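J.: Protein sequences appear in the order of chains A and B.
Anchor point for the first sequence: position 250 equals 250 in this note's numbering, and the numbering is continuous, going up by one each time.
Anchor point for the second sequence: position 89 equals 89 in this note's numbering, and the numbering is continuous, going up by one each time.
Hints listed in this document are in silico derivations from the structure and should not be mistaken for laboratory results.
Model, not experiment: these values are computed from the prediction.
Check the hints yourself; a few may be wrong.
[Stated by the list, open to error] If you only want the chain B side, here are some residues facing chain A, beta carbon under 8 angstroms, derived:
#, residue
1, Val59
2, Gly77
3, Pro82
4, Leu96
Ideal placement from N, C-alpha and C gives every residue a C-beta, glycine not left out.
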Amino acid sequence: MLLSVVAEGYPSTRHPRVRFFNVFSRDGFLRGARRAFPLALSGAPFGLVLGVLAGRAGLTVWELLAMSALVFAGSSQLVAISMWANPVPVVAIVATTLLVNLRHVLMGLTLRPWYEKLPAPLGFGSYFFMTDESWALTTIETRRQTFDAGFLLGAGLIDFVLWIASTTIGRITGAAIPDPSSWGLDFAFVSAFLALLVSLSRGKQARTIVPWGTAAVVAVAAHALLPGNWYVLLGAVAGALAGVALRRAYA
Amino acid sequence: MREIPLITILGMAAVTYATRASGLLFGRRFPRWFDEVLEDLPGAILMSLIAPAIIVAGVKGVIAAIATLAVALVLKGNIVVPIMTGILVITVLRHL
Numbered sequence: 001m002l003l004s005v006v007a008e009g010y011p012s013t014r015h016p017r018v019r020f021f022n023v024f025s026r027d028g029f030l031r032g033a034r035r036a037f038p039l040a041l042s043g044a045p046f047g048l049v050l051g052v053l054a055g056r057a058g059l060t061v062w063e064l065l066a067m068s069a070l071v072f073a074g075s076s077q078l079v080a081i082s083m084w085a086n087p088v089p090v091v092a093i094v095a096t097t098l099l100v101n102l103r104h105v106l107m108g109l110t111l112r113p114w115y116e117k118l119p120a121p122l123g124f125g126s127y128f129f130m131t132d133e134s135w136a137l138t139t140i141e142t143r144r145q146t147f148d149a150g151f152l153l154g155a156g157l158i159d160f161v162l163w164i165a166s167t168t169i170g171r172i173t174g175a176a177i178p179d180p181s182s183w184g185l186d187f188a189f190v191s192a193f194l195a196l197l198v199s200l201s202r203g204k205q206a207r208t209i210v211p212w213g214t215a216a217v218v219a220v221a222a223h224a225l226l227p228g229n230w231y232v233l234l235g236a237v238a239g240a241l242a243g244v245a246l247r248r249a250y251a
Numbered sequence: 001m002r003e004i005p006l007i008t009i010l011g012m013a014a015v016t017y018a019t020r021a022s023g024l025l026f027g028r029r030f031p032r033w034f035d036e037v038l039e040d041l042p043g044a045i046l047m048s049l050i051a052p053a054i055i056v057a058g059v060k061g062v063i064a065a066i067a068t069l070a071v072a073l074v075l076k077g078n079i080v081v082p083i084m085t086g087i088l089v090i091t092v093l094r095h096l
């Protein structure tokens, strides 16, 4: 299925670890898939929960399947599903999705030295499968002398298959759970976001108080004063800018 | 408009792939402030979603949120157990 590619390139002075050429082979692909499997499996319960919530929010099985396959980014999907309504607020959801996923730009930049010299379809194809997990594993893998660029595709594809399976199973089986509000499923979004927030805060608890506190205050005010879902974007931008101001003040 | 969900999903897919591909496509051509803004953006987004929702859920929501937070802090990195805790606590409180 996978061809081996050795792409010619120039020795990089900025990234001395990068070799003269980039290898992309079946071995790297299989190694990535093996390394990613335990992590992808541990993400499956989150996929199940997301599938249940998607059903509650009114997404059909096919809509969720399309979203998991085409967007393939868990936290942004959870945010979008929490904003899902009838009619669907398309502009607010797409804009929020962009903000949630902007971190991919920086992730993509850090892997660039190992992918820029590959044929474009391999590089840009592999990058579709860049998730927080597959990126983290690939970053660790690049420290090996014999880094093989097939790794990201292998790791990402395993993630992809388990993500689609778990969200779809959650969506189908979730339909059997009766009466959402009495089961507290409406509050599940709050719990899920809180849990994600805690995992984000690791190692920087104290200095998140100003940006996150600003976000909370602005979002609550905007939620009370403005119609629709704009409070998410307003709070997010205000919080991020407060963080910038804080760092500038103490730089 | 039956197509709006599909349009939304395609829009999400387009902007998400754009964020993935642009690091490879453009390289180091992003301004300095871009990294700075991104530092706190993910947390700020989540906080903006959480804070109004807790206020809407009232006192029971605050209690359930504190329970979720406590479990999440104890079980570092675990996502599913805190979610289950939040659902369980809010369900019990609503049925008291």
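J.: Would you check whether Gly77(B) satisfies its interface hint, that is, whether its CB is within less than 8 angstroms of any CB in chain A?
T.: OK, holds: Gly77(B) within 8 angstroms of chain A, min 5 angstroms.
J.: Does the closest beta carbon of chain A sit nearer than 8 angstroms to the beta carbon of Pro82(B)?
T.: Nearest chain A Cβ about 4 angstroms off; hint holds.
J.: Close enough to count: is the Cβ of Val59(B) nearer than 8 angstroms to one in chain A?
T.: 13 angstroms, violated
J.: Would you settle whether the hint for Leu96(B) is holds or violated, based on the nearest Cβ-Cβ distance to chain A being less than 8 angstroms?
T.: 13 angstroms, violated
Checked against the numbered hints listed earlier, the structure breaks hints 1 and 4; every other hint is satisfied.
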